[in-house]
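Student: Since the structure of chain D is already known, use the hints to place chain Y on it.
2 protein chains.
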Amino acid sequence: MAGNMRNLGFVLKSRPTRETPAGVHNFEMIERSVADPADGQVLVRQIFMSLDPYMRGRMNDGKSYAQPQKLGEIMGGGAVGEVIASRNERFKAGDKVLGSGGWQQFALSDGRDLRKLPAGRLPIEAYLGPAGMPGITAWYGTNKIIGPKPGETFVVSAATGAVGTVVGQLAKLAGARVVGIAGGSDKCRFAEQEMGLDVCVDHRAADFEARFNAAVPDGVDGLFENVGGDPFRLAMRRINPFSRIALCGLVASGYDGTPTALEDMRMVLNARCRIEGFIVSDHMPLWPQAISELSEHILAGRIKWRTSVAEGIEAAPAAFFAMLKGGNFGKQLVRLG
Amino acid sequence: MAGNMRNLGFVLKSRPTRETPAGVHNFEMIERSVADPADGQVLVRQIFMSLDPYMRGRMNDGKSYAQPQKLGEIMGGGAVGEVIASRNERFKAGDKVLGSGGWQQFALSDGRDLRKLPAGRLPIEAYLGPAGMPGITAWYGTNKIIGPKPGETFVVSAATGAVGTVVGQLAKLAGARVVGIAGGSDKCRFAEQEMGLDVCVDHRAADFEARFNAAVPDGVDGLFENVGGDPFRLAMRRINPFSRIALCGLVASGYDGTPTALEDMRMVLNARCRIEGFIVSDHMPLWPQAISELSEHILAGRIKWRTSVAEGIEAAPAAFFAMLKGGNFGKQLVRLG
Numbered sequence: 163m164a165g166n167m168r169n170l171g172f173v174l175k176s177r178p179t180r181e182t183p184a185g186v187h188n189f190e191m192i193e194r195s196v197a198d199p200a201d202g203q204v205l206v207r208q209i210f211m212s213l214d215p216y217m218r219g220r221m222n223d224g225k226s227y228a229q230p231q232k233l234g235e236i237m238g239g240g241a242v243g244e245v246i247a248s249r250n251e252r253f254k255a256g257d258k259v260l261g262s263g264g265w266q267q268f269a270l271s272d273g274r275d276l277r278k279l280p281a282g283r284l285p286i287e288a289y290l291g292p293a294g295m296p297g298i299t300a301w302y303g304t305n306k307i308i309g310p311k312p313g314e315t316f317v318v319s320a321a322t323g324a325v326g327t328v329v330g331q332l333a334k335l336a337g338a339r340v341v342g343i344a345g346g347s348d349k350c351r352f353a354e355q356e357m358g359l360d361v362c363v364d365h366r367a368a369d370f371e372a373r374f375n376a377a378v379p380d381g382v383d384g385l386f387e388n389v390g391g392d393p394f395r396l397a398m399r400r401i402n403p404f405s406r407i408a409l410c411g412l413v414a415s416g417y418d419g420t421p422t423a424l425e426d427m428r429m430v431l432n433a434r435c436r437i438e439g440f441i442v443s444d445h446m447p448l449w450p451q452a453i454s455e456l457s458e459h460i461l462a463g464r465i466k467w468r469t470s471v472a473e474g475i476e477a478a479p480a481a482f483f484a485m486l487k488g489g490n491f492g493k494q495l496v497r498l499g
Numbered sequence: 163m164a165g166n167m168r169n170l171g172f173v174l175k176s177r178p179t180r181e182t183p184a185g186v187h188n189f190e191m192i193e194r195s196v197a198d199p200a201d202g203q204v205l206v207r208q209i210f211m212s213l214d215p216y217m218r219g220r221m222n223d224g225k226s227y228a229q230p231q232k233l234g235e236i237m238g239g240g241a242v243g244e245v246i247a248s249r250n251e252r253f254k255a256g257d258k259v260l261g262s263g264g265w266q267q268f269a270l271s272d273g274r275d276l277r278k279l280p281a282g283r284l285p286i287e288a289y290l291g292p293a294g295m296p297g298i299t300a301w302y303g304t305n306k307i308i309g310p311k312p313g314e315t316f317v318v319s320a321a322t323g324a325v326g327t328v329v330g331q332l333a334k335l336a337g338a339r340v341v342g343i344a345g346g347s348d349k350c351r352f353a354e355q356e357m358g359l360d361v362c363v364d365h366r367a368a369d370f371e372a373r374f375n376a377a378v379p380d381g382v383d384g385l386f387e388n389v390g391g392d393p394f395r396l397a398m399r400r401i402n403p404f405s406r407i408a409l410c411g412l413v414a415s416g417y418d419g420t421p422t423a424l425e426d427m428r429m430v431l432n433a434r435c436r437i438e439g440f441i442v443s444d445h446m447p448l449w450p451q452a453i454s455e456l457s458e459h460i461l462a463g464r465i466k467w468r469t470s471v472a473e474g475i476e477a478a479p480a481a482f483f484a485m486l487k488g489g490n491f492g493k494q495l496v497r498l499g
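Residue numbers (the working numbering), protein chains in the order written: chain D, 163 to 499; chain Y, 163 to 499.
Keep in mind the hints are simulated off the structure, nothing from the lab. There may be inaccurate statements among the hints.
Covered, in the sense of this in silico footprint (three residues per stretch, anywhere, with C-beta under 8 Å from a C-beta of chain Y), are these stretches of chain D [unchecked claim]:
hint: 1; region: 406-412
hint: 2; region: 422-431
hint: 3; region: 440-449
Given the structure is predicted, the values throughout are model-derived calculations rather than measurements. Glycine included, every Cβ here is placed at the ideal spot set by N, Cα and C.
Only chain D is shown next, with the shape it has when bound in the complex:
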């Protein structure tokens, strides 16, 4: 039956180079027929696929925390969908699942990467966003690395991104004064009015540095860093004694080879600052606790979230690069079915 259906997807065709920076030209759309599941396999019709900044790192061949994406193979990534055929006893047709089928419409799996989603409580795309990997990333960095305390000043960059949205609201729930950094007045308005941040500073403003400094009159106790570049440098210049920095991403700079430096280690020494780089997949034993807590917050309206949805598999590459430039507003998804 499946053999009559077309499966459109994208493979990584080439890697970015210094001469030819990353772009949609690195991807190639391919069309295959959908295979019937073999013994033990599950066929998933993917409904939403996730676009995440870490994928940019996987386009490179070099050293990154993520394994390089293999050329000529379907670009990897998370997706939620519905089981349409199963020869695996753990799954049956109709099950909603979170998997890692990547940039394609249909995915075959041996079941090991699939997790059945609880019925009905949250929209399934939440498991790619605030109740999924980005939300768990936010939860780990905020609660396990930084540990915001009432009255402290907490800064989060990319404050309305998939991770930042959850970070800022978790820090507010912990009682901190939260300063967001985001690009554009729409995002800053959302951060202040919907997410409840105390201030959100627009990094596109000509007087960003002055605005940022005015927003942290008592210095910075916690920093959840998603971006790197100028916001990181400015925040580090204002760190307080015993500050904690969770280093989650460096989207603005590093993926294309521009390093984000830490200007002066003496600031770190004088402040007795702790800086931790982290990757949420190193902490799988904590995922169930994180998902449970995040789901409760979302259902209770304590964590609000947004999605940017691109329509159709064809839109994936352009939506991905737009996201890396901040074109998304909340969790970036592609709707496949």
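Tutor: Leaving out everything else, chain Y in the frame of chain D:
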């Protein structure tokens, strides 16, 4: 009785500037008569005074972890000595004490900064070195921040300094492969043959970078950083996943305003590295445990140590600046009596 005795000491006369860098000219010797203790006071004849890198930071007026030294007052610092007169019920003449009398021969104290030293087990100067603040600094950074594990590669800079001497031996006791960095073949020989480090690399060697890289073929899991500058940069380029960096000092660069940068935060993210600046005086509740463990190691010969001793109070400023340039070999002291 005391009034007839001379007390020679040094006050900080001026602060370093960009035009006139730090030097012995910043200190002035003064002579006072020794005052009799008032009610509640203790008069200490100081036997050894300590010279420590943090004192360089106190010469500046700017932001440092240490409070700026006040101009015109006796330069502060640790010292060990003997009570020669007491009007404080906690102390009596003949008691050996650790105190903070600073750069002078005699010190009056209200007793709050004094700690009676146990009789006889260790030479009293050990309480300014491996069983004192430098040793506790080593203990905290090595055991509480880095936590070296068997088989890991552990790097310590200023490996034969007062702190580094203890760091390297504690890391060996924990089962790590320990690579020291020190200046000159005498120090490196001591580190390898007496301290038992696996390798000690001479940072004065023309091919230091190549030698260092050859010494860490499996990368760096733990780094106890006392120096900053090139050794720090080279070590950071080799950090392994889940590496831990204890940032204790930046002698080689920062005190005179030359920043030590961390070249690329992406290294920290990719390695999921943790960097912690620390100051041992923030952790006073742990001092008794540290002193007890260190004393046992020293008595059992598991921690060997050396001192560089300058003779007489007059020698203090020159010995201090020589130490900042690595002229010392082990704990730098001034013998006062």
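Student: Could you run down the list of hints and mark each one as holding or not?
Tutor: Status of the hints after comparison with the structure:
1. 406-412: Holds: 4 residues of the region 406-412 of chain D have a Cβ under 8 Å from chain Y.
2. 422-431: With 9 residues closer than 8 Å to chain Y, the region 422-431 of chain D meets the three-residue bar; holds.
3. 440-449: holds (count 3)
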